[in-house]
Amino acid sequence: MIEQGVRLSPSEICLPVKAFLGHVAELKDKVDALFLPRIVCNRVAGDWFFGCPKAIALPDLTRAVFDSLPPVVEPILDGRVQTDRQSFRATMSRLDHSADTRKAFSRASVAAQSAAKRTSEESSPLHMFGCAVSDRASRGPEVKVGVVGHAYLLFDSGLSLDVLDMVRDAGARPVVVFPTADEVAHEAQRETALNWYYELELLAAARNLLEVQKVDGLLLVASFACGTGAVTNELIQREAVHRHRVPTILVLLDEHTGEGGLVTRVESFVDLLRLRKR
Amino acid sequence: MRIAFPYMGTAPIALQGLLRTLGAEVVLPPKPTRETIELGARLAPEMMCVPFKMTLGNMVRCLEAGADVLAYVTGSWSCRFGYYGRLQAQILRDEGYEFRLLELRHDRIPAIFDEVRALNGGRMSSAIVNGLRAFRIGWMKSTAVDEVETRFRQTMPSAADGGDCRRLLDSMLNEVLAADGPAAIRRVRGAASRRFAALPTNGRARTLRVKLVGESYCVVEPFINFDIIARMGEMGVLVDPFLTAHRWLGFHGFRLGKDEVKRMRALSAPYWRYCVGGEDQNSVGQLLLAAQQGFDGVIHVHPFGCMPGTVVQPTMARAARDTGIAYLPLSLDEHSSEIGIVTRLEAFVSLIEKRRRNLAV
Numbered sequence: 002m003i004e005q006g007v008r009l010s011p012s013e014i015c016l017p018v019k020a021f022l023g024h025v026a027e028l029k030d031k032v033d034a035l036f037l038p039r040i041v042c043n044r045v046a047g048d049w050f051f052g053c054p055k056a057i058a059l060p061d062l063t064r065a066v067f068d069s070l071p072p073v074v075e076p077i078l079d080g081r082v083q084t085d086r087q088s089f090r091a092t093m094s095r096l097d098h099s100a101d102t103r104k105a106f107s108r109a110s111v112a113a114q115s116a117a118k119r120t121s122e123e124s125s126p127l128h129m130f131g132c133a134v135s136d137r138a139s140r141g142p143e144v145k146v147g148v149v150g151h152a153y154l155l156f157d158s159g160l161s162l163d164v165l166d167m168v169r170d171a172g173a174r175p176v177v178v179f180p181t182a183d184e185v186a187h188e189a190q191r192e193t194a195l196n197w198y199y200e201l202e203l204l205a206a207a208r209n210l211l212e213v214q215k216v217d218g219l220l221l222v223a224s225f226a227c228g229t230g231a232v233t234n235e236l237i238q239r240e241a242v243h244r245h246r247v248p249t250i251l252v253l254l255d256e257h258t259g260e261g262g263l264v265t266r267v268e269s270f271v272d273l274l275r276l277r278k279r
Numbered sequence: 571m572r573i574a575f576p577y578m579g580t581a582p583i584a585l586q587g588l589l590r591t592l593g594a595e596v597v598l599p600p601k602p603t604r605e606t607i608e609l610g611a612r613l614a615p616e617m618m619c620v621p622f623k624m625t626l627g628n629m630v631r632c633l634e635a636g637a638d639v640l641a642y643v644t645g646s647w648s649c650r651f652g653y654y655g656r657l658q659a660q661i662l663r664d665e666g667y668e669f670r671l672l673e674l675r676h677d678r679i680p681a682i683f684d685e686v687r688a689l690n691g692g693r694m695s696s697a698i699v700n701g702l703r704a705f706r707i708g709w710m711k712s713t714a715v716d717e718v719e720t721r722f723r724q725t726m727p728s729a730a731d732g733g734d735c736r737r738l739l740d741s742m743l744n745e746v747l748a749a750d751g752p753a754a755i756r757r758v759r760g761a762a763s764r765r766f767a768a769l770p771t772n773g774r775a776r777t778l779r780v781k782l783v784g785e786s787y788c789v790v791e792p793f794i795n796f797d798i799i800a801r802m803g804e805m806g807v808l809v810d811p812f813l814t815a816h817r818w819l820g821f822h823g824f825r826l827g828k829d830e831v832k833r834m835r836a837l838s839a840p841y842w843r844y845c846v847g848g849e850d851q852n853s854v855g856q857l858l859l860a861a862q863q864g865f866d867g868v869i870h871v872h873p874f875g876c877m878p879g880t881v882v883q884p885t886m887a888r889a890a891r892d893t894g895i896a897y898l899p900l901s902l903d904e905h906s907s908e909i910g911i912v913t914r915l916e917a918f919v920s921l922i923e924k925r926r927r928n929l930a931v
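Residue numbers (the working numbering), protein chains in the order written: chain Y, 2 to 279; chain B, 571 to 931.
Incorrect hints may have been included.
Stated by the list, open to error - Label pairs and their computed distance ranges (CB to CB): (1) B/Pro792 to Y/Arg44: 39 to 45 Å; (2) B/Glu634 to Y/Asp272: 39 to 45 Å; (3) B/Asn928 to Y/Ala109: 54 to 60 Å; (4) B/Ser695 to Y/Val213: 52 to 58 Å.
Simulated from the structure, these hints should not be mistaken for laboratory data. Just so you know, even glycine gets a beta-carbon here, dropped at the ideal spot from N, CA and C.
Starting from the given sequences, assemble the full structure and let the hints guide the process.
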């Protein structure tokens, strides 16, 4: 599926978009309509923060790549222009849907709010995702490796080649943090805040890993040619290396990434951390 | 205050005039070279776009030349450009340079005005008078530069000696830079058409016309686009950039003129419904407009890894296919080789020449 996406994509685009186009190719002849929301910006702590241009332009990209497509349902989520409720109703009326849209929307919002509340609690299993170390390699002191990367990469074994398992197999404990809403808002208010809301999450996660979890090293996972990642990873690396003296490694993923090469890099990084700890 | 700012193409000619009249001393970097860009690329994140690396290299040169204030246009939108100032400042501070960062953003206008007032000894009245004078000088210089560049573009394809034409461009740009008052600027501007018309011609009657679209920095900065306008001019092709330094200096949303923005939006609507930066919507709209106006081809330039620039490519290709106009996408960065680009340009020119001949039969 990724291969099909690669064939369809412009050559310079990032791996997740290639996978996305592969998904569309797989689905388009089996469905009556495609649901491609255009998520433009989010309000965090009073300011607007944007999505990545590639994600915002996905519906246009899809239309340009495929010759034939089923109808595309394309709600625009741009709080500067219209509220989510307006956008939902506009989409529904275009679909000619007879159900009670108002009721559906309020039910969905209640569900979304309670989900957001639950995931932002400290006790949520989503707040910190730590895997146990496999017993086969637990000589020496325990090494904690903070892993920073978008969930769509880290938890997709097709894209990340299960990099979390690689850390575990190398004898270290991978720690992934999902920051709370407060931590993200705090990040948004800094003087040097980034422009993109989902990159704020990565910054908040990295800060938590460095200051609260006190990890021994940071593993940054990003896709090749990720534009926003170029900025975020630079900021995180500068913070980790200059202020916290914590070593970092940056892993760039694309469709050519080989499992063997990645395992070697992760293992040598963990070895380095273990040596430093002795 | 010795001020430096990131720039592209001929934009600093007008900006220098403007800031000088305001009372600031302007530090301009030397003409960009391979070393400038390598310097920037060494300090910048690897996956960053080439305008960032280029402007970072320029800033280092400016700091070495004694600049103590760095001014950036910053803001929050989806393209990385809004973030240049904050990241470059951090990189340069980690390198040990000392300076003050001046962020020009829409929510800091009072602070910017305070800067202007401080330059004028804290007096409100002289700040306002000087501000208006500065704006006038900046505007006049920018218009003069635009006039000179337009004449250059028109003359180049039919000039007997391309070198003469380039030399005249350089010397006239220097005259605009050196001109110190409205009268002097007007004199240079007025002479442009006469001086370019006086160059000997090669007798070429019909020229091919190509529209240059894409990301602003790549369109406007000749060092990055391998001087595409002059080079194509020497091949006998008139290149019409959709954006010039003069137009870029206007405000982002207004610079193409309100009608033109609306027109671009309407034209590109079937293909591209949401502007995400990097001149994506303008590029699609300008391609369709060029097809309507009978241009022979469109060249789309963007920095390697540019987020809007890459995502708009399939759309550009489809629009070109639908309208039947010749289309060449070029992705540029610090590793682009001159020879590679020139070969592709030459192939493109012979393609559109052939098409023109076939159409004429």
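Cross-check of the supplied hints:
1. In this structure, B/Pro792 and Y/Arg44 meet the distance hint of 39 to 45 Å, their C-beta atoms being roughly 41 Å apart.
2. A C-beta distance of roughly 41 Å is found between B/Glu634 and Y/Asp272, which places it inside the suggested range of 39 to 45 Å.
3. At roughly 58 Å, the beta carbons of B/Asn928 and Y/Ala109 sit within the given window of 54 to 60 Å.
4. Evaluation of the 52 to 58 Å hint for B/Ser695 and Y/Val213 yields a pass: the beta carbon distance comes to about 55 Å.
In terms of the numbered hints stated before, the structure departs from none.
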